[in-house]
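Participant: Given chain L, put chains P and A in place with the hints provided.
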Amino acid sequence: MSEAMAHKRPVLLNTFIYGFIILWLILAAVPFLWTVWGSFKVEADFFSRESWWNAIFGTATIRETGAAFTGDGYYGAWITRDFWKAAFNTIIVTICVTTISLTLGTLGGYALARSGRNYAFWILIAALVFRAMPHITLVSGYLLPFFQLNIWGVLPTSIIVLVAINQPFTLWMLHSFFLSIPKDLDESAMVDGCTRFQAFRLVIMPVMWPGVVTTGLFSFLLGYNDFAVTAMLLSADNQTMVPKISSFLGSIQETGNVMFAVAAVVSATVPLFILVLFFQRQIVSGLTAGAVKG
Amino acid sequence: MPNKTFFAFILPSLIAMVLFIALPIVSVVVQSLYVSHEQILVEVENCQPFGGCSTELRVDSAATAALRDEQPLGRFNGLGTYVNRAHLATTELGVILSSERSFGEKWGQILNLPFYKALIFTLVYCFFVTPLAMALGFTIALAVNALPKVTKGPIIFFSLLPMIITPLIGSLILYWMLSPNGILGATIQHIFNDPTLSLRASPALTWGALLTYGVWTNAPFSFVVFYAGLQTVPGDTLESAMIDGASRWERIRYVIIPHLAPLATFVALVQLMDNFRVFEPIVGFSAEANATSLSWLIYNDLTGDSQQFGSAGATSVLTILGVVILLSPVLVRTWREFKHKAV
Amino acid sequence: MAQIRLKNVSKRWGKFVGVDNFNLDIADQEFLVLLGPSGCGKTTTMRMIAGLEEITEGEVWIGDQMVNKLEPKDRDISMVFQSYGLYPNMTVYENIRFPLKVRKVPKEQHHERVMAASKMVELDDFLERRPAALSGGQRQRVALARAIVREPNAFLMDEPLSNLDAKLRVSTRAQIKNLHHTLKRTTVYVTHDQIEAMTLADRVVVMNKGVVQQVGTPMEIYDQPANTFVASFIGSPAMNLVNGMIADGVFTSDGIRIEGLPHRASGAVTLGFRAEDANLAEANGQIEAPIYTVELLGEATMLSMRVAGELVSIKVGKDYRAEIGELARIAIPASACHIFDQSTGARIEA
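Residue numbers (full-length UniProt numbering), protein chains in the order written: chain L, 1 to 294; chain P, 1 to 343; chain A, 1 to 350.
For reference, chain L alone in the conformation it holds in the complex (with noise of 0.2 Å):
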């Protein structure tokens, strides 16, 4: 319909529309391609008093290094400060908060979705609450209890907690998810001469897959994205990426470092933007699943 329209359209709203778009464009990703292109600078490049274009020729760099491209700050990050280590704390909290995550979810989610009696509406407000706790507030509550039961510091509190944090979200997701699978099918299962879990397991599980990946990369980047849990819940020497970036940030602009953590930052993002390229479909499936129905 739209297609059609266009050609009725005004050349001036035209215009416009194009216009904006661009615009919206140059905003969302610039930024990124800027900071991108930027990494493989020096800083006086990157930061450059003179003129911008400067970090766009590597006038700077060139005088130092040699060439327009250095891959000192990613060589200043990965290897002289351990962001390689960060990146293997990051990659084994994603992945267990991700999987363990979508497990209770999926089992209290179906539970929900299938249980239609008032306690189960009540759990599901009282997740919608819980959701929308401030994750520092809860942070605050975690210290002093793992301070005295000596679990502060290590990576599985972490990622138990990050687990915790992400239920509310992941049962709301998964719980309408299921209800739109009919309960015909687990009713059938059952009659046929499955216990309840037997059919979800037997008839459930295999056609679950596509709201449990769409809801797992939800899990995945609360897991990959937070600050607040593993800043504050994380020993110096067990830090994932991000609260890493934030360390490198207080000692590293003194040192005239910063390229280090601008590499950081565009090896972080990384994952992110290959994330979008190949799940875009289902994250925006994902984002519009509860906004549809609810």
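Hints are computed from structural coordinates only; laboratory data are not their basis. Built from N, CA and C at the ideal position, the CB exists for glycine as well. Warning: the hint list may mix true and false statements.
[Unchecked claim] A few chain P positions that, by computed beta-carbon distances, are all more than 12 Å from chain L:
1. ASN3
2. PHE50
3. ARG58
4. SER98
5. TRP107
6. GLN189
7. SER202
8. ALA289
9. LEU302
10. GLY322
[Stated by the list, open to error] With a cut-off of at most 30 Å between alpha-carbon atoms, the simulated DSS-like pairs for lysine-lysine come out as follows:
11. LYS184(A) x LYS7(A)
12. LYS4(P) x LYS339(P)
13. LYS183(L) x LYS167(A)
14. LYS119(A) x LYS101(A)
15. LYS8(L) x LYS69(A)
16. LYS339(P) x LYS15(A)
17. LYS119(A) x LYS7(A)
18. LYS85(L) x LYS7(A)
19. LYS15(A) x LYS4(P)
20. LYS119(A) x LYS69(A)
21. LYS183(L) x LYS318(A)
22. LYS318(A) x LYS167(A)
23. LYS177(A) x LYS4(P)
24. LYS339(P) x LYS8(L)
25. LYS101(A) x LYS15(A)
26. LYS209(A) x LYS183(L)
27. LYS107(A) x LYS167(A)
28. LYS183(L) x LYS107(A)
29. LYS69(A) x LYS167(A)
30. LYS152(P) x LYS183(L)
31. LYS183(L) x LYS101(A)
[To be verified] Heads up, incomplete: computed chain L residues facing chain A, CB under 7 Å, no partners named:
32. SER188
33. MET190
34. VAL207
Facilitator: Relative to the frame of chain L, chains P and A by itself:
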């Protein structure tokens, strides 16, 4: 589903939520009623061979540490923490309000109280960013909907980036561009012809940068949801509006906006919740001198040299109250609908 | 042997009553139809028999066992769902075989029994397809085959024909009737379609708002509806119902007067008569009113006219022609009249 089966399925998830969401809230409330122990002082007689003796107060660090180990919560302080200067500052607020100064001066003084400074920024961020991001998202959605189909995939790809990006990283990227030596910061100095203008020096610029970041990172969510909503606008209604003689704008006003209204409520709710906990941008922009948020206050209490659990607890409780107030329209509506259904 | 017995069965959600004090004995090998409008509790009743819905009060017995606390799988029943509930990730063959597999029926029997069941519903050519590649009618037959492959004590069918188009519905209906004759199993069948109920049932239970209105053979509920609800629900067109007064065997209302009724009652009543029992009158008929519409049905012509504020339908010969607004005289034999209490709607016997 029988109760037993239901709980067998949901128990792991419930336990996780109770242990790590519900209990911490309780723990925060308890913490907020305590403050850390004062240091134990001992009188030490200090005698020197020729100077005679003098008594001196000294910190007994061993005893202090022992006491802190024994009672990690600290000593009971009641609501003391809530009303002190770092939080509700009731005394200070009373003095300011009863003084004879002009409104502007009072406002300035209130902004100097850490809790109110954070609260005001948090609320401004919430209620400025949310509608603006929704308006921007809606406009993008309308514009993209008017474009040929092939362009949609790439546009959505790039549009998702500001939303999907780690908040700390996203704000750092903008911060670097806006720093005096960065491309945008230098340009701004050039435009205003003021070589001292910088994020650090200008509160207005800091607020502007944080709010811009907020709109930038929130708009894609509105865009995606509204864009999906636009695909479900009933074609029949649009066409009959066209036959009835509605202009382009009237079709948006009377058909599309009413159709998207329920979605808008949902988007507003989610974004208000998320924006109320604004935190990472303050760290990323190193903005604490000019703008702080409630979440940042808690973070600051917890990361300082001596961790102030009581103070962090009190701010957390006040923040949670804020969340409940924000959510109350939803909760009241849900409760009414539920009662209605039960009768 | 599988009689199914429901004793004082009720289902409540909070204050909402889904099924109210349902009592019924279903005989072995009987074909019983639960009939009623949507939301009348018929599906809930069946789901309580299946064990998919908890029973708030009362007892359900299958054979000589009280099954209230049994899981659906332990009740030895099979069920055909309205939207079939086929497993989308399995082929037709695997779908039909599924009940045998989860019930640990010895493996060597599987193939033979799947083939027998699929032959019975003429599915042999589609066994390797997945449900998504089947038409609506074929999916429906997969659901049937899956239900019969196990040879359970009883079949439960929840509106199995409602997702089929009109033509397919007629042929599948015949197939179900034939299957019941072959397999000789107790069958409980839920529908809102009174024609399905009339054609399939040994006995029909008419329900409304959670309450049983009448239990009887199709002819009984057609010829002697227990109340105005049953009268208006059964038959196409539904029975004409006109409010009026009765005294000394004479029913009168605006535009209608019927004498010689055998009923002793007097006072405010509702008169019921079926369109096919009325006829054109030669001279002075019981109804005299202008024609509202004339509809040609092919095998007959349907007249409608307004009597005492109600539109009544009269079936007349296929060659009858008249203009809208023309005055028509209609004869209604007193023997074809049903009288119902106006306030309770209950049938008043002669």
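Participant: Does the no-contact call for SER98(P) survive, Cβ to all of chain L over 12 Å?
Facilitator: The claim holds: SER98(P) sits with its nearest Cβ about 32 Å from chain L, beyond 12 Å.
Participant: Would you say PHE50(P) is clear of chain L, with no C-beta pair closer than or equal to 12 Å?
Facilitator: Per Cβ check, PHE50(P) is outside 12 Å of chain L; nearest 48 Å; holds.
Participant: Does LYS183(L) sit within 30 Å of LYS152(P), going by the straight-line distance between their CA atoms?
Facilitator: With Cα atoms ~35 Å apart, LYS152(P) and LYS183(L) exceed 30 Å; violated.
Participant: Can we confirm that no CB of chain L comes within 12 Å of the CB of ARG58(P)?
Facilitator: holds (27 Å)
Participant: Checking one constraint from the list: CA of LYS339(P) to CA of LYS15(A), max 30 Å. Satisfied?
Facilitator: holds (11 Å)
Participant: Verify the proposed pairing of LYS318(A) with LYS167(A), using a straight-line Cα cut of 30 Å.
Facilitator: holds (25 Å)
Participant: Under the criterion that the straight-line Cα-Cα distance not exceed 30 Å, is the pair LYS107(A), LYS167(A) satisfied?
Facilitator: violated (38 Å)
Participant: Checking one constraint from the list: CA of LYS69(A) to CA of LYS167(A), max 30 Å. Satisfied?
Facilitator: violated (41 Å)
Participant: Assess, step by step, whether the Cα of LYS183(L) is no farther than 30 Å from the Cα of LYS107(A), and give holds or violated.
Facilitator: Between LYS183(L) and LYS107(A) the Cα gap is close to 29 Å, so the pair holds against 30 Å.
Participant: Less than 7 Å between beta-carbons is the criterion; does SER188(L) satisfy it with respect to chain A?
Facilitator: Since chain A brings a Cβ to about 3 Å from SER188(L), closer than 7 Å, the hint holds.
Participant: Are all C-beta atoms of chain L more than 12 Å from that of TRP107(P)?
Facilitator: Holds, because the least Cβ-Cβ distance between TRP107(P) and chain L comes to about 26 Å, which exceeds 12 Å.
Participant: How about MET190(L): closest beta carbon in chain A under 7 Å, or not?
Facilitator: Hint on MET190(L): holds, closest Cβ of chain A at ~4 Å, below 7 Å.
This entry does not satisfy hints 1, 6, 9, 10, 15, 17, 18, 20, 21, 23, 24, 25, 27, 29 and 30, going by the numbered hints stated previously.
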